[in-house]
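Participant: As you go down the protein sequences, you meet chains A and B in turn. Using the working numbering, the letters of the first sequence map in sequence onto residues 1 to 401. Using the working numbering, the letters of the second sequence map in sequence onto residues 402 to 978.
If you are wondering where the hints come from, they were derived from the structure by calculation, not from laboratory data. Be aware that one or more of the hints could be misleading.
[Stated by the list, open to error] Just a sample of chain A residues kept apart from chain B, beta carbon distances all over 12 Å, derived: (1) Ala82; (2) Ser271; (3) Phe308.
[What the hints assert, rightly or not] In silico EDC-like pairs for lysine to aspartate or glutamate, Cα to Cα no more than 16 Å straight-line: (4) B/Lys511 to B/Asp527; (5) B/Lys523 to B/Glu501; (6) B/Lys543 to B/Glu555; (7) A/Lys277 to B/Glu501; (8) B/Lys808 to B/Glu778; (9) B/Lys412 to A/Asp62.
Glycine included, every Cβ here is placed at the ideal spot set by N, Cα and C.
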Amino acid sequence: MAGIRAEIRAGRRTQTRAEQTRRKQAENFFDYSMLFIVLFLLGFGLVMIYSTSSYSAAMQHDGDSAFFLKRQAMATVIGLFAMIVVANIPYHFWERFATLAYIGSAALIPMVLVPGLRYTANGASRWIKVGPLTIQPAEVAKLGMILFLASLVCKMGKGIRTTKGFFTVLCMPLPICLMIWKITNNLSSAIIVFGIAALMLFVSSPEYKKFIIMGVAGIVGVIALVFLIKGISVSDDMGFRFARILAWLDPEAYANGKGFQTLQALYAIGSGGILGKGLGQSMQKLGFLPEAQNDMIFSIICEELGLFGGIAIILMFLLLIWRFMVIANNASDLFGALLVVGVMGHVAIQVILNIAVVTNTIPNTGISLPFISYGGSAVLFLLIEIGLVLSVARGIRLKDM
Amino acid sequence: MSLKHKTYIRKKIVVTFFLCCTVFLLLCGRLVYLMVVRSEYYTGAAKELHERERKIKAARGRIIDSTGAVLADNRTVCTISVIHNQITEPEKVVKILAEELGLSEEYVAKRVEKYSAIERIKSNVDKATGDKIREYDLDGVKVDEDYKRYYPYESLASKVLGFTGGDNQGIIGLEVIYEEYLKGKEGTILTVTDAKGVEIAEAGEERIEPENGNDLYVSLDINIQSYATQLAMQAMETKEADSVSILVMNPQNGEILAMVNVPEFNLNEPYTLPEGTAEPANQEEKQNLLNQMWRNGCINDTYEPGSTFKIITAAAGLESGAVTVNDKFSCPGYVMVEDRKIRCHKVSGHGAENFVQGTMNSCNPVFVTVGMRIGAERYYDYFKQFGLLTKTGVDLPGEAGTIMHKKEDIGAVELATVSFGQSFQITPIQLATTVSSIVNGGRRVTPHFGVKVVDSEGNVKETLQYGVQNNIVSAETSETMRYILEQVVENGSGKNGYVEGYRIGGKTATSQTLPRGSGRYISSFLGFAPADNPQVLAVAIINNPQGVYYGGQIAAPIVRQLFENILPYLEGIDYNT
Chain A
1 MAGIRAEIRA GRRTQTRAEQ TRRKQAENFF DYSMLFIVLF LLGFGLVMIY
51 STSSYSAAMQ HDGDSAFFLK RQAMATVIGL FAMIVVANIP YHFWERFATL
101 AYIGSAALIP MVLVPGLRYT ANGASRWIKV GPLTIQPAEV AKLGMILFLA
151 SLVCKMGKGI RTTKGFFTVL CMPLPICLMI WKITNNLSSA IIVFGIAALM
201 LFVSSPEYKK FIIMGVAGIV GVIALVFLIK GISVSDDMGF RFARILAWLD
251 PEAYANGKGF QTLQALYAIG SGGILGKGLG QSMQKLGFLP EAQNDMIFSI
301 ICEELGLFGG IAIILMFLLL IWRFMVIANN ASDLFGALLV VGVMGHVAIQ
351 VILNIAVVTN TIPNTGISLP FISYGGSAVL FLLIEIGLVL SVARGIRLKD
401 M
Chain B
402 MSLKHKTYIR KKIVVTFFLC CTVFLLLCGR LVYLMVVRSE YYTGAAKELH
452 ERERKIKAAR GRIIDSTGAV LADNRTVCTI SVIHNQITEP EKVVKILAEE
502 LGLSEEYVAK RVEKYSAIER IKSNVDKATG DKIREYDLDG VKVDEDYKRY
552 YPYESLASKV LGFTGGDNQG IIGLEVIYEE YLKGKEGTIL TVTDAKGVEI
602 AEAGEERIEP ENGNDLYVSL DINIQSYATQ LAMQAMETKE ADSVSILVMN
652 PQNGEILAMV NVPEFNLNEP YTLPEGTAEP ANQEEKQNLL NQMWRNGCIN
702 DTYEPGSTFK IITAAAGLES GAVTVNDKFS CPGYVMVEDR KIRCHKVSGH
752 GAENFVQGTM NSCNPVFVTV GMRIGAERYY DYFKQFGLLT KTGVDLPGEA
802 GTIMHKKEDI GAVELATVSF GQSFQITPIQ LATTVSSIVN GGRRVTPHFG
852 VKVVDSEGNV KETLQYGVQN NIVSAETSET MRYILEQVVE NGSGKNGYVE
902 GYRIGGKTAT SQTLPRGSGR YISSFLGFAP ADNPQVLAVA IINNPQGVYY
952 GGQIAAPIVR QLFENILPYL EGIDYNT
């Protein structure tokens, strides 16, 4: 990390030196606050990954308690490198690959079915393996969708205001979402991709009414569905299919089944109290809470660092989203703004859904916490997205702000 | 294509940001709810999940007789277990454990190889074997000490003492009644474990020491109990009887000195049926047989007392004034009650006799006449006043109640039969208690074993108190009864109970068991000494003797032999210590 900071500092020095010769470039903006927040979250994530995984890693991997830490650190380094590269490429360079990104994502997803490429972990075949690298096509699809939709909306121009344009943007992500859901059996990633698309559409369209109607209809639909499931489940064997919903409503009744992980997460969060047990002192990570270093890492953060730690992390994410907003609002063009909005949607949706799952606010579904959860693909593609945002930020001329 | 032209986009981005803020705020609210409001609940639930409790058994209190002999004790036994993660030399462990514990190597190997927190290999292992295994100092082998109930005298007073089950809880006898005093309080070791149950060393352990049970001192006297058991065994063998019971108590305070019910059973193997028993077909049948074996005849079973009950009729008659000592009777060998002819055991009749002689002869017509004079209602009231309708309150479980006619159902025939001890049933302990109150001056004492409770440091925690009911009969009646009953032994049907040099009172009984004509009898004798100031009262009951079955012939000698031995012995004992 220090190396990167030095590099950034070095970059700044070249900038300051260049200031004297090329004034125009000197007026350009570099968002250090955002970079700091991201680096902080990454560093904090590595600490928490070590804390949550060291005990089980030592048991599973012949005493190598840093097993998960080392892998994640490697992915982070690669990600940071990718981020720097992307940040230094003017983002318009990518616009020409927008359609390719869409087709590429669509093509990559079925690869998880190819026996030679398929990589299975925790009983789910969601990865493809190329050499030493495992990549989750859903992560590629998120980035691809952001790039594709930003480009699409720009090309449409005022067409976005027509009903046809509106529905074109709304429908374009659906095939990808369906593929992610059905082929990789990953509903949560499908929801995230669709959520990113919906947010980009919301921002690029001047409409409010349609979104409010859609939102209200969606909420009413979900509530109706929940009541319906609650009603039929008691007698019907259909109840089995909706076990996840039922376990959400009363995790203690399903303590040994679908409610197990949620309940363990609640034990972790609840037992943290206001000040937490102290870093490294979690009990729930000792095999009680499955996937403690992964989707459920936030509950261990709460257990070890308490309510203060939990809220501090939420605030860090809020700050990050605030930086995204500032950059998007000052982007020199619509394409840049929409790229940032897409990344903002990606991060915001994942943070919200992750914390909502961990606190049993919504039914349990596998969503990782950006920058913090264990997962190489996720951190790599997130950092590429951050690179894009930095690139957009560099396009801002200071006098415009 | 600057963004400035599309101000609505900026606005929407800001709206998005504030939407995020709202949702984040809601999530923070949720966190506050979980981590502040519900914190206590989840902390408790998590603690329960993380902590493993290991019980430390408390030593059960001993049962000690009046001479200081320990009747129920604890023996240290060991439980051998292995902890998979800590084993370094599995082959050696398997070999040594299999050898020392007499188990097959496959059995031990299976447990040693099993991945679990702790795996029990064998429990109830001798301390010597446990110590030997401990000396090998094998990694991952744990030897935990534990207590097991142990009865040094095996079958002595088995049905009185009772035994304990797998959790050291009383199953029958005194072990049940005094459970609260004896059991003590289990201690616990609380350890923190991970999800697999592996203890986390750094977390340390919380230890709550066990509290040992209190010792129970009982009135039983091992010498009297042993001798009575010997006499009972002898009688059972020579008379080929089904069972023999002997009850010895102090009529002044209710302390029971001996209670024998042969055949007894070995308390250290309470689930082993007597030798020669056919293998029971199923579990239920086995349980029935075991229950039969564990029954305490003196308390759990009722019988028709027969002539010994004439003591009660006599006391009621004297107390009510229906009869006096000098009242004259004439026995023709039978008595007519309504249209029924009730025979005396002497078919030719006893002829002219006074009340004392009638009692000495155990003459049925005399007692039928006295019963008639008292009248059904009054007789029933005395029955009740003497405490015969209530349980004695003896400190043993399962005391049977009296089976008696309802007051309104007592006609002349019922009254006549009750008068000489038939057509109703009481327990031997009830008979002994009631007679005690008649000969001790009219105080109905509570028969009991428990004397005092002493904690493991030797401090008396509680001196057990028992209720006494006064004025059961008047002092005069009591004195008269002592005189009459002494006459029974001196010159009457109970002369086989006579012990030279002592004044003995008593009464014999021979009752035919139901159904009549089965040829099954119960012979019994109740005796007390000294007759003028009773200090000890004994009842001997022989169930289904073969050959001679008269109580005066076979039961009275048992009490005589008992008294011959224990009276000199009791005189040497100072009761106040």
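Participant: Determine for every hint whether it applies to the structure shown.
Facilitator: Going through the hints against the structure:
1. Against the 12 Å criterion, alanine 82 of chain A stays outside the reach of chain B, whose nearest CB is about 26 Å from its own CB.
2. Listed as a non-interface residue, serine 271 of chain A fails to keep its Cβ farther than 12 Å from every Cβ of chain B; the least gap is roughly 4 Å.
3. For phenylalanine 308 of chain A, the requirement that its beta carbon stay farther than 12 Å from each beta carbon of chain B is not met, with the minimum near 10 Å.
4. For the given pair, lysine 511 of chain B sits about 23 Å from aspartate 527 of chain B by alpha-carbon distance, which is inconsistent with the 16 Å threshold.
5. Annotation: proposed proximity of lysine 523 of chain B to glutamate 501 of chain B holds, straight-line Cα distance about 11 Å (limit 16 Å).
6. Distance hint between lysine 543 of chain B and glutamate 555 of chain B is unfulfilled; the C-alpha atoms sit about 31 Å from each other, more than 16 Å.
7. At most 16 Å may separate the alpha-carbon atoms for a hinted pair to count; lysine 277 of chain A and glutamate 501 of chain B exceed this at roughly 47 Å.
8. Of the supplied pair hints, the one linking lysine 808 of chain B and glutamate 778 of chain B holds, its CA atoms being roughly 7 Å apart against a limit of 16 Å.
9. Using a Cα cut-off of 16 Å, the hinted pair lysine 412 of chain B and aspartate 62 of chain A is violated, with the two alpha carbons roughly 55 Å apart.
The structure fails to meet hints 2, 3, 4, 6, 7 and 9 from the earlier list, while all remaining hints are met.
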